[in-house]
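Engineer: Sequence:
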Amino acid sequence: MVTDDVSLRDVKPLRNAPTLTALNRLAKQIHSNRLTCRASWWQIQQTVCLDNAPVQKQRRTKKVLLLPAGSVRTGTAVKSSGIYVPGQGVQARVNWGTSVTTEWLEEV
Numbered sequence: 003m004v005t006d007d008v009s010l011r012d013v014k015p016l017r018n019a020p021t022l023t024a025l026n027r028l029a030k031q032i033h034s035n036r037l038t039c040r041a042s043w044w045q046i047q048q049t050v051c052l053d054n055a056p057v058q059k060q061r062r063t064k065k066v067l068l069l070p071a072g073s074v075r076t077g078t079a080v081k082s083s084g085i086y087v088p089g090q091g092v093q094a095r096v097n098w099g100t101s102v103t104t105e106w107l108e109e110v
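When you line the sequence shown up against this note's numbering, it's residues 3 to 110, in that order.
If you're looking for bench data, these hints aren't it; they were derived computationally from the structure. These figures come from a predicted structure and were not determined experimentally. Using N, Cα and C, we set each Cβ at its ideal position, and we do this for glycine too.
Restraint ranges, calculated between C-beta atoms of paired labels, are given here:
(1) L25 to T63: 32 to 40 Å
(2) S101 to N26: 40 to 48 Å
(3) S34 to R75: 24 to 32 Å
Using the sequences plus the hints, can you model the full thing?
Structural biologist: Okay, structure coming up:
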């Protein structure tokens with residue numbers, strides 16, 4: 003639930019397996035609705051899966067962006083610190099290497 007990548011694992015049942023086309027369609031729908039899926043996940047699970055997620059602060063806007071995996075980063079989300087606040091977004095502590103601050107994260 004951190005990156006924009008959608009992949010399916012261990013989804014092939016012993017009987018009545020969906021076709022690869024159906025699985026790909028499902029993955030595309032999840033990707034296009036990922037923000038809603040994340041909000042539902044956070045509401046149900048009461049946890050935010052952002053452990054060590056890469057973040058970067060924009061100098062111009064002062065926003066803290068949650069980056070896709072593998073991106074160049076300037077900080078990481080502190081394990082188990084993220085919370086989802088409906089209507090406001092995600093807040094987490096961020097380790098910048100020299101300090102730790104609490105930030106509102108915005109997805110890119």
